[in-house]
Amino acid sequence: MNKVLTHKDVLDHLQSNTIIGIGGWGARRKPMSLVREICQSDIKDLTVVSYGGPDVGLLCAHKKIKKLIFGFVSLDVIPLEAHFRKARQNKEIEVMELDEGMLQWGLRSAAMNLPFLPTRVGFGTDVLTHNPELKFVTSPYKDKESFIAMPAIKLDVALLHVNKSDEKGNTQIIGPDPFFDDLFARAAEKTFVSSEELLSTEELGGKDGAIFNRFERSLVTGVVHSPCGAHPTSCSPSYGFDTKHLKEYSDSAKSFNDYADKYMNKTHQDYIESVGGTEEITKIPLPQF
Amino acid sequence: MSDSISLAEICISQASKAWQDDGEILATGIGLIPRIAAGLAKLTHNPDLMMTDGETYLISEPAPMGKRDSSADQVEGYMSYSRVFENLWGGKRHAMVTPTQLDSFGQTNISVIGNYDSPKIQLLGVRGFPGNSINHKNSIFIPNHSKKTFVEGEVDMVSGMGYKNKELSNGIFEIKRVVTNLGVFDFNGKNNCMQLLSLHPNVSVDDVIANTGFKIAIQSDSITSMPSSEELVLIREVLDPQGIRNTIFGE
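Line order of the protein sequences matches chains A and B. Per the numbering used here, the very first residue in the first sequence carries number 5; after that it's consecutive. Per the numbering used here, the very first residue in the second sequence carries number 60; after that it's consecutive.
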């Protein structure tokens with residue numbers, strides 16, 4: 005069994021007008037090398053599901069998003085995502101804006117093969133006003149309480165970035181927070197992971213390593229070796245987010261050409277060289293709050 | 060010491076009181092002043108509070124502001140985002156946040172300014188506000204008390220619910236305390252109207268009324284009590300030794 009692919013190979017599995025979920029959280033552990041690959045392709049009109057960071061912004065800058073299903077888009081150190089903001093203010097994208105927990109519920113519902121999961125979250129807010137497709141369900145028990153029936157968010161493809169993988173798709177997320185990557189994988193027809201390290205199964209560390217295996221390999225369709233593939237987002241414990249680069253990226257919302265000339269339309273390796281190389285990136289300290 | 064107490068220190072001391080009766084729950088202070096305030100609450104009124112390192116771990120002592128040697132943190136538990144959601148759905152949390160808009164119903168907005176379909180300003184998105192507001196107590200810190208923040212009518216996009224829908228939260232919804240650069244407030248006035256509890260030094264009732272887009276009640280127009288000398292020592296030497304708090308009001 006060998007699931008190893010190149011960045012370009014992954015594009016063969018992606019299509020316009022499909023639903024793509026992107027793992028990570030804000031400016032943390034985003035599969036940015038795969039996102040850049042989409043930006044450089046002719047794929048378009050995507051529905052993107054994300055706890056959004058520069059993944060969403062970069063796709064907005066390349067006009068790849070038709071609809072965004074989200075709870076927030078932020079670069080953490082820079083609270084507001086300038087490219088997303090521009091796309092929204094210019095009415096370039098449709099949105100389904102949800103509470104962070106509702107988004108999780110939608111993914112979990114898809115992961116469990118259920119049509120919906122009930123929640124109180126959303127009541128009394130304009131999340132309901134702006135998502136009239138959300139329906140309600142009444143408890144069949146004696147409480148008879150009414151709930152929002154958060155529908156399953158089924159994904160055609162999930163894109164995730166992990167610390168380690170073998171060629172069979174046994175992955176490990178070593179950073180302390182796996183975010184909701186496991187649910188993205190379970191909610192998707194196909195999951196592609198980019199990985200900092202591509203190792204033999206033995207090198208994954210047996211029992212001690214297996215506690216970092218957040219979802220099983222049967223969910224993984226393809227593995228791409230992508231050292232520093234989360235840059236400019238962080239990939240704990242290897243490197244923090246590149247604040248300087250995020251600032252340059254954010255400022256490029258005014259005029260994207262310079263940024264695109266410097267950093268886009270490159271192979272992953274050339275991109276990494278253009279931002280200082282793996283040695284420099286792995287010197288970036290983890291964020292501290 | 061008392062002759063040089065800053066507005067930031069007054070706000071931190073007042074904001075810390077939000078958590079004093081909460082018992083053993085997760086205290087989340089989002090932003091500079093709320094975070095120092097949560098730490099102060101833990102070191103004074105409520106040592107049972109749980110707090111995170113701002114990332115994934117629960118730590119025994121509040122993390123001071125600024126750079127620190129985090130390897131010295133005494134980690135006592137785990138609090139990933141998934142765990143935070145589970146914790147908050149169970150209601151065992153009290154967050155202090157800074158919404159972009161707040162209205163007379165206690166509804167909050169961090170999503171968009173202007174028309175939703177054609178936003179004048181796109182902000183963060185609703186984040187966890189719908190879930191936080193319906194599941195647990197919240198408090199608010201506003202550094203720039205004005206009619207832009209305390210809006211007339213309703214907020215542009217209701218991200219956190221308000222008192223007018225309290226029954227939908229099984230009675231849980233509560234804004235415990237509102238601390239601003241002008242004074243201290245709660246929503247315990249008649250019909251949950253926002254009321255003034257105290258004014259910071261050199262602020263008048265008229266200043267507050269002129270900068271609030273809706274009618275408030277005046278429960279008291281006394282001057283806000285100053286932080287105790289114990290609180291000042293904790294703020295200055297333990298929680299924020301580098302004085303980062305002073306950037307909030309340019310002090």
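Bear in mind the hints are in silico, worked out from the structure with no lab data behind them. A portion of the hints provided could be inaccurate.
Now the in silico label distances, taken between C-beta atoms and shown as ranges [as the list claims (entries may be wrong)]:
(1) A/Glu284 with B/Ala131: 25 to 33 Å
(2) A/Lys251 with B/Ile303: 34 to 42 Å
(3) A/Lys251 with B/Lys126: 40 to 48 Å
(4) A/Leu118 with B/Asn229: 39 to 47 Å
(5) A/Ser45 with B/Thr306: 38 to 46 Å
(6) B/Ser141 with A/Asn261: 37 to 45 Å
(7) B/Lys206 with A/Pro83: 36 to 44 Å
(8) A/Ala264 with B/Lys151: 24 to 32 Å
Note that the structure is predicted; figures quoted are calculated from it, not measured. Ideal Cβ positions, reconstructed from N, Cα and C, are used throughout, including at glycine.
Here is what the structure says about each hint:
no., hint, verdict
1, A/Glu284 with B/Ala131: 25 to 33 Å, "27 Å, holds"
2, A/Lys251 with B/Ile303: 34 to 42 Å, "20 Å, violated"
3, A/Lys251 with B/Lys126: 40 to 48 Å, "19 Å, violated"
4, A/Leu118 with B/Asn229: 39 to 47 Å, "24 Å, violated"
5, A/Ser45 with B/Thr306: 38 to 46 Å, "43 Å, holds"
6, B/Ser141 with A/Asn261: 37 to 45 Å, "40 Å, holds"
7, B/Lys206 with A/Pro83: 36 to 44 Å, "23 Å, violated"
8, A/Ala264 with B/Lys151: 24 to 32 Å, "47 Å, violated"
Checked against the numbered hints above, the structure violates hints 2, 3, 4, 7, 8; every other hint is satisfied.
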